[in-house]
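For the record, the sequence lines run as chains A and B.
Note that this note's numbering has the first sequence beginning at 1, numbered continuously upward.
Note that this note's numbering has the second sequence beginning at 102, numbered continuously upward.
Hints in this document: simulated from the structure, not taken from any laboratory.
Do not take every clue at face value.
Coverage of chain A stretches by chain B, computed from C-beta distances (three or more under 8 Å per stretch; other residues unrestricted) [unchecked claim]:
#, region
1, 47-60
2, 64-76
3, 81-90
Using 27 Å as the maximum straight-line C-alpha spacing, the simulated BS3-like pairs for lysine-lysine come out as follows [what the hints assert, rightly or not]:
#, chain 1, residue 1, chain 2, residue 2
4, A, 20, B, 372
5, B, 673, B, 527
6, B, 682, A, 20
7, A, 20, B, 677
8, A, 83, B, 582
9, B, 673, B, 690
Quick caveat: nothing in here was measured; it's all calculated off a predicted structure.
All residues carry an ideal CB built from backbone N, CA and C; glycine is no exception.
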Amino acid sequence: MVRELQTSGASNAQDGASVKITFKLYASLTPLLPGTGTDHATGVEVDPGTSVLDVIDQFKVPRESAHLVLLNGVFIAPEERHKPLLQDGDTLAIWPPVAGG
Amino acid sequence: MAWTRNVLRVNLTQGSCSTEPLNMEWAEKYLGQRGLASKYLAEEIDPACDALSPDNKLIMATGPLTGTMAATGGRYSVITKSPLTGAIACSNSGGFIGNEIKNAGFDMIIFEGKSPKPVYLLLENEVATLCPADEVWGKSVWETDEILHTKYQDPLLRIAGVGRAAEQGCLYASVVNDLHRAAGRSGVGTVMASKNLKAVAVRGTKGVGNIRDPKAFFKATNEGKRALAENAMTGEGLGALGTQALMNVINEVGAMPTRNMREVQFEGASKISGEAMLEPRESDGKANLTTNAACFGCTIACGRISTIDPQHYTIVNRPEYMGNSGGLEYEAAWALGSDTGVDDLDALTYANFLCNEDGYDPISFGATVAAAMEMFELGAITTKDTGGLELKFGSAEALTKSAELVSTGEGFGKDLGLGSKRLCEKYGHPELSMTVKGQEFPAYDPRGVQGMGLAYATSNRGACHLRGYTVSSELLGVPVKTDPLSTEGKPDLVKAFQDATAAVDSSGLCVFTTFGWTLEDIAPQVDAACEGNWTAESMVEAGERIWNLERKFNLDAGLTAADDTLPERLLKDAAKTGPAKGKVNELGKMLPQYYEVRGWTPEGVPTDATLERLSV
Ligand code: SF4
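The following block holds chain A by itself, in its conformation from the complex (with noise of 0.2 Å):
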């Protein structure tokens, strides 16, 4: 279950029993993200054992544009995208694909 936490930072959730994470979505993809500001964020509230893919998923963000994905700044691999990796605090960031020089 994936939650946008609302600005009083209110859960559903039961004590102890949710993560919360700042999700950010760039380029083309920024649309996708509901009321942010110039840093492409948003806090989001997700049950423990969380994937990356739920995330993506829920934001409806088209698995084949989710080309970069970054846990903290480090690459997650397509294949690690469904294990259970997201912990409190985590920031998960996404690109379509970019380049550049």
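Position chain B with the ligand against the provided structure of chain A, taking the given hints into account.
Same frame as chain A, now just chain B with the ligand:
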């Protein structure tokens, strides 16, 4: 052959222009552009010569695919000995001038000697004339462009020139073409100005023919274009946000050099990012980015066209800066922004405009200002030196005023024009210069991207991301994802990137195609276009040959393995935040292995066997 087989040789001392045949034997070994012109340079000058003396030469070179219908086939390079590094310099630029040189009937222009008086070269379909430059000397690139266009009444005249920064001896001056494209790095513009050569104005209408196998060329270039269009990075990503899409990425992975590389993450990154360039501003409701743009023949179109907020302090009552011009690329945004701690997007855009207007490298400029800011904080540089300028990290005013001073070479602008290495030496803090071989770092902190540390240390033109962009693999997963924090396999990875890039840089194509193409896509295009047996393998071999030729030039110029290193800060001071927290760059682990895979001695010298194998 896609070659005109003509070289234009301009002897500036004598004021003469002559045509000679292109050395096709060399073209079959070194391909074109970077490789072939480096061969000419290595054969024709003493690598130990003074870069700013008449003994140095400056070559403007196209590749076999320049001016053809191949996607991005409009590139040219400026090859010379660098006054900034003392090493070989090769700066690549897009825009339209490369195509125009080829269409005027030349593959390459070699400038030698020094003109007794300022001149510019007018080249109209094989007719080359040296003209007195009195009316443009002392003017900016933009003014020069306007004056020459007005004079010749030909909007399609393509112009590459130097600005006041180069004339004033700024050591990282660029050669700017088509107003905002530049052969930017290593001070190639400084060499051009030292020869009293202000500009090259070209008009060519001859067409580029002589394709070796037109049918195969059609097929290969069309397939190539389809592949670029279908690839998400080259088909969509680069066009949308340009290279500036990387600003937030590199900050998130903790490899964003910040405040003269003291830190690896910049709190203001999102404010100066590609995303921020799309946000409407309060004053006029427009976004910083007006549109993307393409160089000649390019189907990727990563270029940025931007305006500055008309109410921004830099341009109030200055309508000449209110129009559209070349916007921020990631490298410029990083150097002008994160490295100086400035998060004012309009101030960065203004500084970037000035870099184009008067021709100097925004990377070296930003990094030099950053070093000056650190010394200012330490009290090693004071307002007495700067003429009252408070050079504080984060000060947009300090950044934009510094740019104005470098543009004209006035006051402290002369010192800033020395580049980071000489500036830090002058003010007693050589350890604060974030350079390799005297050239300033680009936008990836090698503590967070280990392979880039090795790529920087061994780059033949000093710190540079474009000589072996392992970021592509280490961070973006192209062609395969590797761990940015590990040194494992990096010597081989760096070598592979360096060799492949040397080949692409010699073809006339843009290196950004390699986000969508491998050499398997490029080789058939080159092979169908020109002589030589070009396969992916033979291109890699040519790339390796070019790399060793450049290395040999540098060794003959007096550089040694001791120059293959990084500043102590990156080797000893661990990253403070992000995934690389606690890490330094482990160059010492990678370098000996790199020499080995290169077939060099432990002292970094190509062995006879290696030179023989590659027939350098
Ligand atoms: S990809 Fe960008 S830099 Fe390269 S040729 Fe195209 S527009 Fe120019």
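Comparing the hints with the structure gives:
Judged by the Cβ-Cβ criterion of 8 Å, the region 47-60 of chain A is not covered by chain B as claimed, because only 0 of its residues qualify and three are needed. With 7 residues having a Cβ less than 8 Å from any Cβ of chain B, the region 64-76 of chain A passes the three-residue criterion, so the hint holds. Under the rule that three or more residues need a Cβ within less than 8 Å of chain B, the assignment of the region 81-90 of chain A is violated, with 0 such residues. Straight-line distance between C-alpha atoms of residue 20 (chain A) and residue 372 (chain B) comes to about 25 Å, which keeps the hinted pair within the 27 Å bound.
Pair hint residue 673 (chain B) plus residue 527 (chain B) holds up; C-alpha atoms about 24 Å apart against a cutoff of 27 Å. As the CA atoms of residue 682 (chain B) and residue 20 (chain A) are separated by approximately 23 Å, the hinted pair is consistent with the 27 Å bound. For the proposed pair residue 20 (chain A) and residue 677 (chain B), the alpha carbon gap of about 24 Å is at most 27 Å, so the pair holds. A threshold of 27 Å between alpha carbons decides the hint, and for residue 83 (chain A) with residue 582 (chain B) the separation of about 19 Å falls inside it, so the pair holds.
Between residue 673 (chain B) and residue 690 (chain B), the direct Cα distance comes to roughly 14 Å. Compliance with the 27 Å bound is thereby established for this hinted pair.
When held up to the earlier numbered hints, the structure conflicts with 1, 3 and fits the remainder.
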